[in-house]
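Use the sequences and the hints to build the structure in full.
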Amino acid sequence: MLNVKRQFDKNEDCGILFGSQVSDRKIRINSISESCCDNTSALKCSCHLDVAKANKLIEEEFSKSNQTRFYIGEWHTHPEDNPSPSYQDLNSLKESYYKNKLVISNLILMAIIGRKDICWNIYDGKEFHKIKIVNK
Numbered sequence: 052m053l054n055v056k057r058q059f060d061k062n063e064d065c066g067i068l069f070g071s072q073v074s075d076r077k078i079r080i081n082s083i084s085e086s087c088c089d090n091t092s093a094l095k096c097s098c099h100l101d102v103a104k105a106n107k108l109i110e111e112e113f114s115k116s117n118q119t120r121f122y123i124g125e126w127h128t129h130p131e132d133n134p135s136p137s138y139q140d141l142n143s144l145k146e147s148y149y150k151n152k153l154v155i156s157n158l159i160l161m162a163i164i165g166r167k168d169i170c171w172n173i174y175d176g177k178e179f180h181k182i183k184i185v186n187k
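The working numbering applies: residue 52 is where the sequence shown begins, and numbers increase by one.
Some hints could be false.
Claimed, not checked - Within a straight-line C-alpha distance of at most 27 Å, the following computed DSSO-like cross-link-like pairs (lysine-lysine) qualify:
1) Lys167 <-> Lys115
2) Lys150 <-> Lys167
3) Lys107 <-> Lys152
4) Lys145 <-> Lys104
To be verified - Label-pair ranges, simulated between beta-carbon atoms:
5) Asp89 <-> Leu53: 16 to 26 Å
6) Gln118 <-> Lys61: 29 to 39 Å
7) Glu178 <-> Lys115: 28 to 38 Å
8) Asn157 <-> Asn62: 26 to 36 Å
9) Phe59 <-> Asn157: 30 to 40 Å
10) Gly176 <-> Ser137: 19 to 29 Å
11) Thr119 <-> Asp60: 31 to 41 Å
12) Gln72 <-> Asn106: 19 to 29 Å
13) Ser137 <-> Asp89: 34 to 44 Å
14) Arg166 <-> Asn117: 28 to 38 Å
Rather than coming from a laboratory, the hints here were simulated on the basis of the structure. For every residue, glycine included, the Cβ atom is placed at its ideal position computed from N, Cα and C.
Below you can see the structure in the form of structure tokens.
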């Protein structure tokens, strides 16, 4: 579902990850939002979330899912084959962790979509962890 967002000859893009909690140790990524990028700030190697648009989409997803799908993190693109988070990316994820109302209180996800691979990271309030996503 994120593969269609790959960045080839365009500016970075960003959006929201929606999920549900399956168990104490498992979450399911149910869907991704359309672009929530503030287009006035998007560059080839930078983008910023349009917070008003993102919040509207989060509320809509929560409502239409009967309160079962919620904000679990954010996605953005990088203009490289095998992306890794920049210092700015890690700071942004940490800031989102503390600023947002998280349904799963000790977890926020970040997906960085490269041209060939997707880099997944979790921030748990203390550390960043690179993770592997299992498709089922």
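Going down the list of hints, with the structure as the test:
no., hint, in the structure
1, Lys167 <-> Lys115, "violated (33 Å)"
2, Lys150 <-> Lys167, "violated (31 Å)"
3, Lys107 <-> Lys152, "holds (14 Å)"
4, Lys145 <-> Lys104, "holds (20 Å)"
5, Asp89 <-> Leu53: 16 to 26 Å, "holds (20 Å)"
6, Gln118 <-> Lys61: 29 to 39 Å, "holds (35 Å)"
7, Glu178 <-> Lys115: 28 to 38 Å, "holds (34 Å)"
8, Asn157 <-> Asn62: 26 to 36 Å, "holds (33 Å)"
9, Phe59 <-> Asn157: 30 to 40 Å, "holds (36 Å)"
10, Gly176 <-> Ser137: 19 to 29 Å, "holds (21 Å)"
11, Thr119 <-> Asp60: 31 to 41 Å, "holds (38 Å)"
12, Gln72 <-> Asn106: 19 to 29 Å, "holds (21 Å)"
13, Ser137 <-> Asp89: 34 to 44 Å, "violated (18 Å)"
14, Arg166 <-> Asn117: 28 to 38 Å, "holds (37 Å)"
Comparing the model with each earlier hint shows violations of hints 1, 2, 13; every other hint is respected.
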